[in-house]
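K.L.:
Next come the chains, spelled out residue by residue.
Number of protein chains: 2
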Amino acid sequence: MTKPADLDRFRGKQVLITGGLGFLGSNLAIALVGLGARVTLLDAMLDDHGGNLFNVEPIKDRVTVNFSDVRDECSLKYLVRGKDYIFHFAGQNDHVLSLTNPFPDIDINIKGSAILLETCRRFNAGARLVYSGTRGEYGRAVMLPVREDQPMHPKGIYELSSLTAQQLFQIYNDNHGVPSVTLRLTNIYGERAQMKHSRFGVANWFIRLALDDGTIPVFGDGSLLRDFVYVQDALDAVLRCAATEAAYGQVFNVGNNRASSFRELAETVVRAAGSGRWEFAPFSPERAAQEPGDFCSDIRKIGRVVGWRPTTPLEDGVRKTACYYRRYKEHYW
Amino acid sequence: MTKPADLDRFRGKQVLITGGLGFLGSNLAIALVGLGARVTLLDAMLDDHGGNLFNVEPIKDRVTVNFSDVRDECSLKYLVRGKDYIFHFAGQNDHVLSLTNPFPDIDINIKGSAILLETCRRFNAGARLVYSGTRGEYGRAVMLPVREDQPMHPKGIYELSSLTAQQLFQIYNDNHGVPSVTLRLTNIYGERAQMKHSRFGVANWFIRLALDDGTIPVFGDGSLLRDFVYVQDALDAVLRCAATEAAYGQVFNVGNNRASSFRELAETVVRAAGSGRWEFAPFSPERAAQEPGDFCSDIRKIGRVVGWRPTTPLEDGVRKTACYYRRYKEHYW
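Line by line, the protein sequences are chains A and B. What the first sequence shows, in the numbering used here, is residues 1 to 333, in sequence order. What the second sequence shows, in the numbering used here, is residues 1 to 333, in sequence order.
Just so you know, the hints here were simulated from the structure itself, not pulled from any lab data. C-beta: ideal position from N, C-alpha, C; glycine also. Be aware that a few hints might be false.
[As the list claims (entries may be wrong)] Where chain B lies over chain A, by a calculated footprint (3+ residues, C-beta under 8 Å): (1) 46 to 58; (2) 165 to 174; (3) 267 to 278.
[To be verified] Not everything, but these chain A residues come out facing chain B in the computed CB check (under 8 Å): (4) 102; (5) 103; (6) 106; (7) 156; (8) 157; (9) 160; (10) 307.
[As the list claims (entries may be wrong)] A few chain B positions that, by computed beta-carbon distances, are all more than 10 Å from chain A: (11) 12; (12) 66; (13) 84; (14) 149; (15) 174; (16) 214.
Could you build the full structure based on these sequences and the hints that come with them?
P.N.:
Structure below.
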């Protein structure tokens with residue numbers, strides 16, 4: 001990640017990251033510590049989510065780790081006080097789970113966001129918040145690339161809960177003076193994501209299969225498009241949004257103007273890992289029902305307002321990711 | 001309400017109405033009993049909501065009343081079994097409350113709807129559901145009249161919770177085979193609404209003020225437009241939607257192709273009541289912030305698919321309503 005001048009504003013600032021031991025949270029923490037911020041990480045360490053203490057190994061003596069849940073408003077009251085920036089990454093991200101049980105999404109993603117917002121409103125309305133939602137909020141694309149003002153038709157409970165949380169941030173920004181930027185992240189891949197199961201994070205899962213010298217299943221004819229973004233690029237977007245006054249009260253896509261097919265992803269992963277193989281596989285009925293079709297984000301708005309665009313080619317990002325996990329496999333497998 | 005042939009399908013059918021002792025629920029129960037249905041009413045009798053046993057006085061020996069909360073999944077499991085139709089009217093409807101406390105909306109409107117849907121999915125997936133949301137889900141109108149496919153920008157937590165619930169019904173219809181029709185009701189007025197406070201149901205509140213020989217405050221210059229619908233017309237829409245196969249999986253506006261100004265409403269109310277008066281009053285800052293501007297529903301879709309349109313002129317509906325409350329004032333004041 002480059003470190004342009006305007007990111008100097010984080011120096012000496014108090015920052016809270018929810019889901020701080022997870023994929024996005026830990027990578028952001030490392031970046032913010034590098035920028036001179038004083039970082040507190042909140043994580044509930046929910047089973048099968050992304051929390052992993054090894055993720056913050058490089059900065060473990062320079063961050064405060066607070067094990068707690070965003071739904072625990074009594075703890076949160078103390079954690080939000082005095083913070084200049086709060087990045088809200090904690091969430092239930094397993095859309096497969098949401099097909100059989102809607103309640104974790106409602107409790108963690110919707111109610112947890114409301115508890116964070118209400119706590120900020122009451123105890124620290126001046127804190128600047130960033131919420132990271134998902135491109136799944138759109139559902140099937142009406143036209144490609146997908147702009148932020150497209151109609152929202154989330155296809156599942158997980159996607160709906162992310163959208164409702166985004167709208168909660170918007171309402172607290174507009175009505176209650178709790179300033180926030182809300183983001184819709186596309187498929188993010190990279191170091192420090194969980195690698196234990198395939199229920200979210202498909203690009204990372206492909207990398208695991210290749211590193212295990214396994215076979216990557218490419219569903220359908222492999223032509224389905226996604227705009228994959230390397231995690232360091234995504235976090236550059238997150239930081240620039242937080243640092244840009246004009247971004248507050250806005251929603252932005254964080255995606256890639258260059259979409260790739262799943263076949264291209266699989267080929268790239270096998271090449272970067274130097275092991276594994278891929279083959280076509282049929283969609284399961286559940287996946288077929290949830291599959292929103294090709295997706296590619298229109299990222300002109302964030303380019304215009306925040307000056308961000310992704311800079312890491314898929315090949316480079318995948319190679320760096322594979323390299324990380326090959327080295328630290330024992331902490332993730 | 002007219003009783004066209006296709007509403008005969010409710011004869012002998014098992015029906016559950018949540019919020020069944022409230023405004024919409026009790027009027028619907030009376031209509032359904034008249035159509036020969038076997039009706040169970042679920043109501044949690046929450047303070048300051050619409051539940052009132054007197055509402056079902058005319059049918060008290062022909063309905064089953066079950067006091068419980070939609071959030072109580074153990075009770076609900078028994079209540080949904082064997083039902084042919086379930087009308088979901090239970091909800092937190094006080095958008096003023098939602099400005100200071102978002103949790104009742106999340107718990108009752110979002111989680112309560114999810115509990116009902118999940119219970120139906122597990123114990124009675126064949127039941128046909130109707131959900132009544134609000135035109136507030138749209139937020140400020142981008143263009144008038146407002147069509148169902150307009151972008152959704154709910155301005156407050158109450159409105160957002162109603163939208164999220166509507167999307168939950170849609171997702172359970174599309175993914176889980178729990179069939180539903182979802183509605184966005186505009187300002188409904190009529191008999192059997194609560195009359196104790198002004199936090200929701202503005203047209204009824206005007207009627208109370210006039211019957212009390214009080215002064216109706218008309219905010220701003222009184223030109224703000226709403227499409228008021230008489231409750232019997234609205235319930236005719238609800239029943240026709242439930243009775244129309246092609247309506248399932250769809251969302252419909254239930255509004256009025258003829259909008260009225262608040263000034264016109266106040267004048268009509270004073271005339272119908274034969275008492276009271278009205279005067280201009282300034283918006284409070286809270287109301288001004290929440291006020292979505294003129295609103296008028298486009299009702300062509302429900303006309304096309306279901307064959308419904310409102311038939312009661314404002315003057316007639318207001319007169320009937322005033323007459324009802326004058327007679328039964330002791331049960332509502």
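K.L.:
For each hint, tell me whether it holds in the structure or not.
P.N.:
Outcome of the hint check:
1. 46 to 58: The restraint on the stretch 46 to 58 of chain A is violated, since only 0 of its residues have a Cβ under 8 Å from chain B and three are required.
2. 165 to 174: This one holds; 4 residues, not fewer than the three required, reach chain B with a Cβ under 8 Å.
3. 267 to 278: violated (count 0)
4. 102: holds (5 Å)
5. 103: holds (7 Å)
6. 106: holds (5 Å)
7. 156: holds (6 Å)
8. 157: holds (6 Å)
9. 160: holds (5 Å)
10. 307: violated (27 Å)
11. 12: The claim holds: residue 12 of chain B sits with its nearest Cβ about 33 Å from chain A, beyond 10 Å.
12. 66: holds (23 Å)
13. 84: With a cut-off of 10 Å, residue 84 of chain B remains clear of chain A, as the shortest Cβ separation is near 24 Å.
14. 149: violated (7 Å)
15. 174: The assertion about residue 174 of chain B is violated, with a minimum of 8 Å to chain A.
16. 214: holds (30 Å)
Hints 1, 3, 10, 14, 15 from the list above are not met by this structure, while the remaining hints are.
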